[in-house]
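Trainee: So the protein sequences, as listed, match chains X and S. For the first sequence, the residue numbers in the working numbering are 336 to 484. For the second sequence, the residue numbers in the working numbering are 106 to 811.
Where hints are given, some of them may not hold.
Unchecked claim - Below, a list of computed lysine to any residue pairs in the SDA-like style, where the Cα atoms sit at most 25 Å apart: (1) S/LYS330 with X/LYS447; (2) S/LYS212 with X/GLU424; (3) X/LYS479 with S/LYS646; (4) X/LYS406 with S/LEU358; (5) S/LYS672 with X/THR347; (6) X/LYS479 with S/GLN383; (7) S/LYS372 with X/ARG349; (8) X/LYS447 with S/LYS646; (9) S/LYS646 with S/LYS530; (10) S/LYS697 with X/HIS415; (11) S/LYS330 with X/THR347; (12) X/LYS447 with S/ALA712; (13) S/LYS330 with X/THR361; (14) S/LYS434 with X/THR347; (15) X/LYS479 with S/GLU323; (16) S/LYS697 with X/ASP365; (17) X/LYS479 with S/GLU764; (18) S/LYS330 with X/ARG458; (19) S/LYS530 with X/GLY462; (20) S/LYS530 with S/LYS697; (21) X/LYS479 with S/SER760; (22) S/LYS534 with X/ASP352; (23) S/LYS591 with S/LEU392; (24) X/LYS479 with S/LYS591; (25) S/LYS393 with X/LEU367.
Note that these hints are calculated values from the structure, not bench results.
Chain by chain, the residues:
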Amino acid sequence: MPRVTELTINGTRRPIDAEPDVPLLTVLRDHLDLTGSKYGCGEGQCGACTVLLDGQPVRSCILPVRAAAGKRITTIEGIHHPLQDAFVEEGAMQCGYCTSGMIVSGVALLNKTPHPSRDEIVRHMNGNVCRCGTYLRIVAAIQKTAQHA
Amino acid sequence: MPEAPAQIELERYELTAPPAYRFAVDRRDFIGLLGGGLLVVFSAGGQESGRGRRGEAAPQDLDAWLHIGEDGAVSIYTGKTEVGQNIRTSLSQAAAEELHCPLASIKLVMADTALTPYDMGTFGSRTTPTMAPQVRRAAATAREALLDLAAEKWQVDRAMLSIADGRIACSGVAGGAGASTMGFGELTKGGKLTATIARDVPLARPLSQSAPKLAAREFVTGQHKYTPDLTRPGMLYGRVLRPPEFGATLTNLDAPALPGVTIVHEKNFVGVAAPDAQAAAAAIRQLKAEWKREPVPPGAVSGPKLYEYLKQTAEPGEGDTHESADAAKAVAEGMAAADIKLQGAYTVAYIAHAPLEPRAALAEWDGGKLTVRTGSQVPFGVRTELASSFGIPEDRIRVIVPDTGSAYGGKHSGECAVEAARLAKAAGKPVKLVWTREEEFTWAYFRPAGLIEISSGVREHGADAGAITAWECHNYNSGGSGLVSKYDIPKQRNVFHPANSPLRQGSYRGLAATANHFAREVHIDELAHALKMDPLEFRLKNLKDARLRAVLQAAAERFGWGNGQDKGIGISCGFEKNGYIATCAQVEVEDKRIRILRVVEAFDCGAVVNPDHLKNQIQGAISMAIGGALFEQMRFGDGQILNPRFSQYRVPRFSDMPEIEVVLVDRPDLPSAGAGETPIVGLAPAVANAVFHLNGTRLRSLPLEL
C-alpha cells in the first residue's frame, strides 16, 4: 500500500508523508501539530480523539490515515460554532481534556439534528467519556445551542 | 499521632516520603528574575531563605508570592497545580477581591519549581482552606503597601484613599479628575520594594461569586497545551518495555541495533527513544526480553479471596488513633445495653483513577541541568524523585506542570518523569513519553481495596428507643479517613488495620472516606430497618451535630423524603475534610441492572467561594462516584491486571447520569473547606440503601451487583 502524501484538513490541503496504517490521530498530532484532538484510549472507547470525516464523527485513534485520504477532515482547530460559547457559559468542563472531542461530537449531532431530544443527545454522545463528570452540563450546553439555532 | 485524618492518609499512602530537607528559592535570585516593582513574600517566622523548614510548626503548603510589575501587572506564584478543580480561577478570584482589581488583570503562575514557592502538593482538598487565605493575605498585604505608596506620593492621609477596579483614588487631591486616580503601575514604577505577608492583615470575606473558568476558550478551541501536546526541537518519542507481570525481573535482553533508535537497558528498566511514535512502538516489539516471574501470594486475586487475604495479613492496629485500652471493654458494655445487635461485613474493590490524560512527561537535559514538563499533582515531589534517581542536586532540576487533564489523587508519583528523563539522558535529545491507556491502568496505582467489619447495638424499647449504644468498626487496608463518624454513640471503637496490599495503592479522591461511609451508612440503614424506623429519623435521633443535621434536612426536604409514595429511595450522610454532606438517591432495577434515577445532595463546606464551580465539583464527584458504586473494579490475578482498557473497565457515561440536584448550604460566617473530594462519599451508600428499599436485597460490596 502506498504512503499517504496529502490530507484535506479544515479546508486546507496539507502535504504529509505517512505509512497508510498509521492512525489519523498520530498524523494530526505528531506530523501536523494539530494537538486539539487527544489520545485517551487508543481503542475508540473514550472519544477524546473525535474528528469529522466528511461531516461524520470518527475516532481518529483507530482510523488508519489511508481511510481519511481524499476526504474532508475537520478537527477542533477548524470548528467555529456557537456550541463552544455554550460550553464556556454552562461551565461544561473541568480539566478540559475531553472537551475537544465533546465539541466535535456535539457539532456533528447539531449539524444532523438541529433540535435533538435529550435521549438523542445521550445516545449520540455516549461514546465520549468525561472522567470529571460534567455530562449534565454538556447536555445543557448542547440544548442551549439548539434552542438558539 | 497527628489529629487530622488527612495527615494519617498522607503518612500511610503517600508513595514517596517527603524530602528530608527543604530549601527555599533564594529571594534575591527571585527578585532579579522579576525585575522591579513590588514583591510580597511569605516569611515563616521572619526566617530567611536557605534554612530547612521541615519539622517546624508552620505547614509546608502555605507559600505564595505576589509580584506587581512596573507596568502594574499582578502575578501570583503558587506551587499548586490545576488539574480541573478550577483553582486557577478561584485563587485568582481571591487575589482580585483583595486587590480590588479585575480578575483578568491577575496572572497566576502555577507549579513551576523554578518560579513558584515550595508546595507539598495539590491534594487533600487543601487549596481552598490553606492556599486561598494565603493568596488573600499576600494580595491584601500588597493592597496595603500600594495604599501606603499612594499616600506618600500624594502626601495625603490614607483615610482619604480608596481602591477599586485596579486603581487607587483620592477624594481630596487638587487638580483634574485624571490626577485623582492612579493605577498600580504608576505606584510601583521604578521601585524595588519587598513586603512580607502580614499575618494580621484585614481580609475580605469571599464574595461567593461565580466566574467562568479562566482561559476557558483555550479548552473549547483545542488550543490549550497539555503535557502530551508539547514538543521541543529535535524531540524523540519514548516507549518503555513493561514486565509481563508485577514483580518480574529482567534476566536477559536481546536488542537489535536500530538506526535512529536509542535503547536503554539498566537493571529492570528497558526503554527506547525514536524519531516518531511508530518507530518507538516497533522498536519495543523487536526487543527479546526474558523475565523471571515471582510467585504470587494466594490472596493476590480480585474477588472474595482478596478480602480474606487482607484480613489475614492485617496489623493489629495498635497505636492508631481512636483506639484505647478501655475501648473494647466500653463497647462490650454498650452491647450489653442493646436490645438489637447487628454485624455486617462490607467490601470495596480496587479502582483506578483513569484520568483521561494519561501520565506524560517531556524531559530535556542541558549539560547537567534537567527540565521536565509533566502532568502531576506534586511538582516538587517529582523534582525530588528525579534528583534521587539521577544523583543530582534539586537546584539543577526544573519541573513544570502545565494545567493537567485531571488526576483525582492519581498523579502523586514521578515514574513517568523519571523514565522520560532516563531516555533523554541516553539519547542526548528531548524525549516525550506518554503512557498508553493500558500502562495507565496497570503501572499507576489504585484506590485501596478494603474489608470493613461493623458490630453495633441499639435500644428498641424504653425512653431511649432508637439510640445506638455500641459501635465497633474495623477497616482492613482501605484507610482511616472518615472512619469516625459524627453519630453520638457513647461506646465506640474504630480501628484501621494496615494490611499487605497485593496491588500498588495510593491516594484517591476521597480515599478511604468513600469506603468507610459506604460501610457505616449501609449499616445505619440496616439498624433503622431492624428497628422499623425511618432511616432519616433514625439518623437524626442519633445526631446532635447541627451542621450535619442541617444538610440531612436540606437534602431530605429537596428530595421530598418521607412522602410515603416513592419506591427505591435511600439516604446517607457524612463528614470529611471539614465538609458536611447528605445524599438522597432513587433507583430502579431492570434485568439485575441498577439504574440511578435521581440524586439530591446537600453540601456545607463553610463559606462558598465560587458557587458555580462548587456545584460543578459536586456534580462531578457524584458522577464519578457512580462508577465506583456500580461498575468500577480492577480485575486481577497471576500478577496481571485483567481489564486494563476502557472497553473492559466501565466508567460512567452520559447514559448513566441521573437527574442531579445540588443544595448548597452556604455558611459565610465560617472558613471555607475544600470541596473536591467529600461530595464523592455519599452516593454509594445512598444507592445501596435505595436498592434495599426497592427489593429488600441488602448489598454490602462495591461495586454493587445484584
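Trainee: Within 25 Å, alpha carbon to alpha carbon, are S/LYS530 and X/GLY462?
Mentor: violated, 40 Å
Trainee: Between S/LYS330 and X/ARG458, is the straight-line Cα distance small enough, at 25 Å or below?
Mentor: violated, 30 Å
Trainee: Taking 25 Å as the top limit, are the C-alpha atoms of S/LYS372 and X/ARG349 close enough?
Mentor: Roughly 44 Å separates the two Cα atoms, so the pair is violated.
Trainee: Do the alpha carbons of S/LYS530 and S/LYS697 lie within 25 Å of each other, as the hint requires?
Mentor: Distance ~54 Å between S/LYS530 and S/LYS697 Cα, so the pair is violated.
Trainee: Given the hint that X/LYS479 pairs with S/SER760, does the C-alpha gap stay at or below 25 Å?
Mentor: Holds, at roughly 19 Å.
Trainee: Does S/LYS646 sit within 25 Å of X/LYS447, going by the straight-line distance between their CA atoms?
Mentor: violated, 55 Å
Trainee: Need the status of pair S/LYS393, X/LEU367: alpha-carbon distance at most 25 Å?
Mentor: violated, 33 Å
Trainee: S/LYS697 and X/HIS415: Cα distance at most 25 Å?
Mentor: violated, 44 Å
Trainee: Assess, step by step, whether the Cα of S/LYS434 is no farther than 25 Å from the Cα of X/THR347, and give holds or violated.
Mentor: Not OK: S/LYS434 and X/THR347 at ~79 Å, beyond 25 Å, violated.
Trainee: Please work out if X/LYS479 and S/GLU323 have their alpha carbons no farther apart than 25 Å.
Mentor: The given pair, whose Cα atoms are some 21 Å apart, holds under the 25 Å limit.
Trainee: Would you mind confirming whether the straight-line C-alpha gap from X/LYS479 to S/GLN383 stays at or under 25 Å?
Mentor: Violated, because 42 Å separates the two Cα atoms, which is more than 25 Å.
Trainee: S/LYS591 and S/LEU392: Cα distance at most 25 Å?
Mentor: Not OK: S/LYS591 and S/LEU392 at ~57 Å, beyond 25 Å, violated.
The structure fails hints 1, 3, 4, 5, 6, 7, 8, 9, 10, 12, 14, 16, 18, 19, 20, 23, 24, 25 (numbered hints given earlier, in ascending order).
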